[in-house]
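Colleague: Chains as they are written, first to last, in the working numbering: chain C, 1 to 255; chain S, 256 to 478.
Read the hints as simulated data drawn from the structure, not as lab findings. There may be inaccurate statements among the hints.
What the hints assert, rightly or not - Between beta-carbon pairs, the in silico distance windows are:
no., chain 1, residue 1, chain 2, residue 2, range
1, C, Ala-7, S, Pro-370, 54 to 60 Å
2, C, Ala-7, S, Arg-344, 30 to 36 Å
3, S, Met-448, C, Leu-166, 42 to 48 Å
4, C, Leu-111, S, Pro-293, 19 to 25 Å
5, C, Asp-149, S, Arg-344, 39 to 45 Å
We put the beta carbon where it would ideally sit given N, CA and C, even for glycine.
Letter by letter, the chains look like this.
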Amino acid sequence: MSIWDYANPTRFLRLVQIVLPWLIGLCVLAFAAGLYMSFFVAPEDYQQGDTVRIMFIHVPAAWLAMMCYSIMAMSSLGTLVWKHPLADVSAKSAAPIGAAFTFMSLVTGSLWGKPMWGTYWVWDARLTSVLVLLIMYLGLMTLWRTMDDPIKAGKAAAVLTLVGALNLPVIKFSVDWWNTLHQPASVVRMDGPTIHPDILWPLVIMAIAFTLLFFVLHLMAMRNEIMRRRVRALRQRAASVSFPSTATASTQAAE
Amino acid sequence: MSSWAMVLFQRDLRLSVRIGGSAMVGVLFFLAVVTVIPFGVGPDLNLLARIGPAILWIGALLATLLGLDRLFQADREDGTLDLMLMAGRPLELVVLIKCLAHWVATGLPLVVAAPLLSIFLNIDPVAMGAITLTLLVGTPALTLIGAIGASLTVSLRRGGLLLAVLVVPLAIPVLIFGVSAADAAIHDPVPFMTPFLILCSLSLIAAVIGPIAAALALRFAGD
């Protein structure tokens with residue numbers, strides 16, 4: 001059982017059909033347990049009160065935002081090095097999910113920041129690098145949308161994803177430097193006191209639930225993308241059958 | 256530098272200087288950006304002296320972005336790029352030479368214009384030298400990183416805007432260290448050499464990653 005067995009989209013779709021219901025079930029269970037624990041079991045913070053519960057959404061979303069980019073980077077490696085046929089499908093369908101998680105962590109972060117820090121946005125190192133990550137996700141999605149040919153778009157996006165993966169640590173590190181150089185006194189720390197088990201457990205379960213949610217959405221998006229490509233291929237074939245001369249002209253123009 | 260590289264360099268330089276005068280247009284745009292900012296923030300000379308390095312760096316970044324779409328597109332339109340792909344020369348080296356020629360034609364004029372423009376911003380001579388030095392070291396990195404965006408968008412009809420969106424996040428470290436090195440020269444207690452050396456290293460890293468990634472993308476766009 002190697003990853004090459006699933007290079008065949010039909011076989012991959014069959015696997016998805018088997019795995020997906022179980023994954024959805026687990027995801028729902030984990031969310032039920034995690035949400036219950038974070039709303040009713042976890043105690044209020046003695047300083048932050050109920051607003052600490054934002055953390056149970058915010059922190060897993062931020063983790064997932066980064067995990068999603070690393071999955072895209074690995075898929076891009078799969079596209080460029082091993083030329084795995086499903087790698088660019090995986091990378092393409094992960095991008096919007098990653099952008100959504102990044103956006104979610106930014107929104108919940110600023111909603112949390114307003115009562116705690118007194119402002120929605122600070123040019124703190126961590127916030128800034130997450131914002132840059134969001135811009136990169138959106139740029140990658142745009143690159144995919146602007147190219148007609150999915151194979152070419154996948155390769156171009158893979159190059160950009162890998163360059164971005166090399167650059168993200170540099171961006172993170174330089175933003176840290178930039179922040180500490182200019183305002184060393186008012187650095188806002190997000191790691192408060194060490195986390196108590198009462199809060200840690202709901203957080204861990206929510207993180208598992210978010211990861212499961214990511215895999216559910218990712219598999220669904222990959223399935224949709226494979227279907228979309230099949231529809232595209234069928235349409236092209238139908239067009240070339242009914243209008244042989246114009247169809248060849250249009251495919252040449254597309255290349 | 257072997258002969259074919261020299262010929263390619265001279266060809267690219269000649270084309271970019273003669274056709275459309277892109278070098279001068281870039282400097283004019285730089286001048287326009289620097290002129291516009293005092294209208295936005297007000298003509299307070301102390302404030303301008305304080306944010307001057309940032310204004311010059313952002314102006315240089317924008318001017319570089321504006322010229323980048325011509326890096327490969329003109330060659331693709333007239334078929335030269337296909338010849339370069341098939342010529343059997345290492346494509347990474349071809350990209351590097353093209354970037355070098357592009358930088359000499361568009362980046363170097365910006366560096367030369369920077370001291371003149373810093374007079375408008377009330378920047379004292381020492382800082383003027385520091386800013387010019389950081390731009391001299393940092394603008395090649397902008398061109399080389401931009402080459403990645405230019406090669407990715409080369410087959411698109413209106414790639415210029417997308418190119419800017421793709422390149423700006425990658426150019427943030429260069430901007431940060433360029434501005435902090437220039438700032439360090441103005442405000443004494445901060446050391447100048449640390450950010451400056453990091454800026455140098457960023458340019459060197461870009462000189463490796465840029466041509467490799469751009470050559471990869473050009474091969475995919477070509478076949």
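Colleague: Look at each hint and say if it fits the structure.
Modeller: The hints, checked one at a time:
Between C/Ala-7 and S/Pro-370 the Cβ separation comes to about 59 Å, which falls inside the hinted range of 54 to 60 Å. In this structure the hint that C/Ala-7 and S/Arg-344 lie 30 to 36 Å apart at CB holds, the actual value being about 34 Å. For the pair S/Met-448 and C/Leu-166, the beta carbons lie near 25 Å from each other, so the given range of 42 to 48 Å is not met. Here the CB-CB span from C/Leu-111 to S/Pro-293 is close to 37 Å, at odds with the stated 19 to 25 Å.
In this structure the supplied range 39 to 45 Å is violated for C/Asp-149 paired with S/Arg-344, their Cβ-Cβ distance being about 27 Å.
Hint check: violations occur at hints 3, 4 and 5; the rest are consistent with the structure.
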